[in-house]
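Asker: One letter stands for each residue in the lines below.
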Amino acid sequence: MLKTDAAVPVEQQFVLSNLAPGRAQKRLALGIVIGLLFALYLITGPLSGIQLGAVNGFIAVYATAMFVTDAVTAILLYAQFSILRSRAILVIASGYLFTALIIVVYILAFPGVLAPNGLIGDLQTSAWLYVVWHTVFPMFVVAYALSKEDSSKRLWSGKARPAILWSIALTAALAAAAGYVAIVWEAELPRLMLDPRRFSPNWPYFVGAPIASVCIAAIVALWLRRRSVLDLWLMVVMCLYLVEVPLSYYPAPMRFSTGWYAVRVVGFLSSSLVLTVLLYEITTLYARLLGAVLGQRRERDARLLTGDAVAASIAHEMRQPLTAMITTADAGFRFLDRAAPNLDKAKEAFRRITADGHRAGTLVGSIRANFKSDVTERTSFDLDELIQEALSLGGNELQKHRILVQAEPNRQLPPVSGNRVQLQQVLLNLIMNAVDAMAARDDPRILSVKSALYEDDRVVVSVADTGTGIGSLDAERLFNPLFTTKSNGMGMGLSICRAIVEAHDSRLWFTPNTPQGAVFQFTLLASGPAPAAG
Amino acid sequence: MTARPQFFVVAVVDDDQSILQSLEYLLESADYAVRTFASATALLESGDLPQIDCLISDVDMPGIDGFELVRLVHAARPGLPVILVTGYPDRLQRLPSLGGTHPRLFTKPFQGHELLEAVSETLRNAPG
Numbered sequence: 001m002l003k004t005d006a007a008v009p010v011e012q013q014f015v016l017s018n019l020a021p022g023r024a025q026k027r028l029a030l031g032i033v034i035g036l037l038f039a040l041y042l043i044t045g046p047l048s049g050i051q052l053g054a055v056n057g058f059i060a061v062y063a064t065a066m067f068v069t070d071a072v073t074a075i076l077l078y079a080q081f082s083i084l085r086s087r088a089i090l091v092i093a094s095g096y097l098f099t100a101l102i103i104v105v106y107i108l109a110f111p112g113v114l115a116p117n118g119l120i121g122d123l124q125t126s127a128w129l130y131v132v133w134h135t136v137f138p139m140f141v142v143a144y145a146l147s148k149e150d151s152s153k154r155l156w157s158g159k160a161r162p163a164i165l166w167s168i169a170l171t172a173a174l175a176a177a178a179g180y181v182a183i184v185w186e187a188e189l190p191r192l193m194l195d196p197r198r199f200s201p202n203w204p205y206f207v208g209a210p211i212a213s214v215c216i217a218a219i220v221a222l223w224l225r226r227r228s229v230l231d232l233w234l235m236v237v238m239c240l241y242l243v244e245v246p247l248s249y250y251p252a253p254m255r256f257s258t259g260w261y262a263v264r265v266v267g268f269l270s271s272s273l274v275l276t277v278l279l280y281e282i283t284t285l286y287a288r289l290l291g292a293v294l295g296q297r298r299e300r301d302a303r304l305l306t307g308d309a310v311a312a313s314i315a316h317e318m319r320q321p322l323t324a325m326i327t328t329a330d331a332g333f334r335f336l337d338r339a340a341p342n343l344d345k346a347k348e349a350f351r352r353i354t355a356d357g358h359r360a361g362t363l364v365g366s367i368r369a370n371f372k373s374d375v376t377e378r379t380s381f382d383l384d385e386l387i388q389e390a391l392s393l394g395g396n397e398l399q400k401h402r403i404l405v406q407a408e409p410n411r412q413l414p415p416v417s418g419n420r421v422q423l424q425q426v427l428l429n430l431i432m433n434a435v436d437a438m439a440a441r442d443d444p445r446i447l448s449v450k451s452a453l454y455e456d457d458r459v460v461v462s463v464a465d466t467g468t469g470i471g472s473l474d475a476e477r478l479f480n481p482l483f484t485t486k487s488n489g490m491g492m493g494l495s496i497c498r499a500i501v502e503a504h505d506s507r508l509w510f511t512p513n514t515p516q517g518a519v520f521q522f523t524l525l526a527s528g529p530a531p532a533a534g
Numbered sequence: 001m002t003a004r005p006q007f008f009v010v011a012v013v014d015d016d017q018s019i020l021q022s023l024e025y026l027l028e029s030a031d032y033a034v035r036t037f038a039s040a041t042a043l044l045e046s047g048d049l050p051q052i053d054c055l056i057s058d059v060d061m062p063g064i065d066g067f068e069l070v071r072l073v074h075a076a077r078p079g080l081p082v083i084l085v086t087g088y089p090d091r092l093q094r095l096p097s098l099g100g101t102h103p104r105l106f107t108k109p110f111q112g113h114e115l116l117e118a119v120s121e122t123l124r125n126a127p128g
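Residue numbers (the working numbering), protein chains in the order written: chain A, 1 to 534; chain B, 1 to 128.
Hints should not be assumed to be uniformly reliable.
Calculated cross-link-like contacts (lysine to aspartate or glutamate; reagent style EDC-like; alpha-carbon spacing at most 16 angstroms) [as the list claims (entries may be wrong)]:
no.: 1; chain 1: A; residue 1: Lys450; chain 2: A; residue 2: Asp384
no.: 2; chain 1: A; residue 1: Lys450; chain 2: A; residue 2: Glu348
no.: 3; chain 1: A; residue 1: Lys347; chain 2: B; residue 2: Glu117
no.: 4; chain 1: A; residue 1: Lys450; chain 2: A; residue 2: Glu397
no.: 5; chain 1: A; residue 1: Lys345; chain 2: B; residue 2: Glu24
no.: 6; chain 1: A; residue 1: Lys26; chain 2: A; residue 2: Asp382
no.: 7; chain 1: A; residue 1: Lys400; chain 2: A; residue 2: Glu455
no.: 8; chain 1: A; residue 1: Lys345; chain 2: B; residue 2: Glu117
no.: 9; chain 1: A; residue 1: Lys345; chain 2: B; residue 2: Glu114
So these bits of chain A aren't anywhere near chain B, every CB distance computed over 10 angstroms [to be verified]:
no.: 10; residue: Lys26
no.: 11; residue: Met325
no.: 12; residue: Ala331
no.: 13; residue: Gly332
no.: 14; residue: His401
FYI, nobody ran anything at the bench for these hints, they're computed from the structure.
For every residue, glycine included, the Cβ atom is placed at its ideal position computed from N, Cα and C.
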């Protein structure tokens, strides 16, 4: 049984930030959070006695890595925005850009990395930049979660490029302003550092409390809105931010302690988490997209074999003798219309018209014989397999129009005999007709393909839809060649289907479906005994 | 002053024998001298190219198609009047550039008198 998701529009199923997280992803996220809490316990408890020295190169490497991952994440999210036009994505992309920019100022100000007292600012600058970084990003996350809520203004209607440029400009301005305050007003700001290594007793009030509260706010906002993969992993990122608070201050309130090093590792984890998820999802989606494209190509190739293509080639074959007949007749008239009619030439023209007429007749005969003669290539095959193949060939169209497919295999059926390729065309044609009949309606779209025993030695296949059904006027002409209700059809599909089925000494007919739609049925000869029940 | 048809030679190229014959008949009824060829290669190898005054060719043929034939013929006989005939009406929308020339294009089946008018018109407008 094949089901398609009726809730999400197809074009957005492939967009990451709309994707619902799977069970495995949720478990992984929970595992990371639990592992984090365990690491927190280890570092503040059993490992708290370990003393580590100050390695200034570490902070340089750490900041560079953070900058690269945050910048790349921002780029990927901006790219998502340009496809999706979701304000929420624009906000979170700006958040990542902001952290990337703040990290640049942070590393310039950090004492002992590029200069003994930092290249810019003074003692408090890098600590305040850390506060800005860890409070403003969660605010971006809150804004992201809230802008998801407002569905009426959710989508950006303007052009993507100016929106991205504006958001980059505003974010850069914000980062520059934060850097300016931390550098120029360093002396006026509350003291967070006693010296380049030790945190002041102010730390819990000016660093710990603000960061913890915005992170909790962000987690709550995301929890209320949790819907997509991105929501889930941002929640994990916020948990990582939150864990940094106690780790920074305990067991020792100073830089280069065990806890402090652990914070950098956790920080890097949180920075690369969304990037990793984005890259993983993009690769997975790419593979799915490739599968869908290949599926579409297979389906198109299969349709080329069916009704309309056959009809088009017949039309071209018939056009040649008809053209010759008309042109020769024109010539014949001209020979007769002369002042001195050329009777010999005119007779010759009529003779050729007769010959071309016979040629056209032979052509028509050979088309009919084509259906007949292929019946000699009969094989015995499993009907359920044929149904599943036809459904997977039409899978893309079924999914596109959000049609629920009911096709339960019937294990009680004997194998049937016939030309497998032709019968697959018949089935695919009937399925495609059903899709077309349902595509125009808003009501539940259900395609039901069933097989059952019929009389003693036959099997019946039914294709039932809940589409527009068949009016009594159309019913009389339905199987006529060239009759169609479709704007893009030639009206050859059903008449060819019937010709194929009748060439199998079987019947194709239809009945109304209840409460609406149509049921097309055709029979096939069984080629062996039914499998024993059980 | 109308063109005197019997002085003009029209070459017809089509891979379908009955169409080739019907066009030969139609052009004879208008007193043109007709040479028929079952393929583009047959025309190019015949050595008749310098003598013909107008070319009528099918578009969809195996090997060298009508469009390619026009390019090859125009390389040897620039400005030679050409009329193309096709069984696929879609061709009208996808006419490739043929070195700045614009051959008349007819869809099968066509009206005999319209084709003959097109022949005499292109001959009247032909250089030389």
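Asker: Determine for every hint whether it applies to the structure shown.
Answerer: How the hints compare with the structure:
{"no.": "1", "hint": "Lys450/A / Asp384/A", "in the structure": "holds, 9 angstroms"}
{"no.": "2", "hint": "Lys450/A / Glu348/A", "in the structure": "violated, 59 angstroms"}
{"no.": "3", "hint": "Lys347/A / Glu117/B", "in the structure": "violated, 24 angstroms"}
{"no.": "4", "hint": "Lys450/A / Glu397/A", "in the structure": "violated, 19 angstroms"}
{"no.": "5", "hint": "Lys345/A / Glu24/B", "in the structure": "holds, 12 angstroms"}
{"no.": "6", "hint": "Lys26/A / Asp382/A", "in the structure": "violated, 41 angstroms"}
{"no.": "7", "hint": "Lys400/A / Glu455/A", "in the structure": "violated, 37 angstroms"}
{"no.": "8", "hint": "Lys345/A / Glu117/B", "in the structure": "violated, 21 angstroms"}
{"no.": "9", "hint": "Lys345/A / Glu114/B", "in the structure": "violated, 21 angstroms"}
{"no.": "10", "hint": "Lys26", "in the structure": "holds, 53 angstroms"}
{"no.": "11", "hint": "Met325", "in the structure": "violated, 8 angstroms"}
{"no.": "12", "hint": "Ala331", "in the structure": "violated, 4 angstroms"}
{"no.": "13", "hint": "Gly332", "in the structure": "violated, 8 angstroms"}
{"no.": "14", "hint": "His401", "in the structure": "holds, 28 angstroms"}
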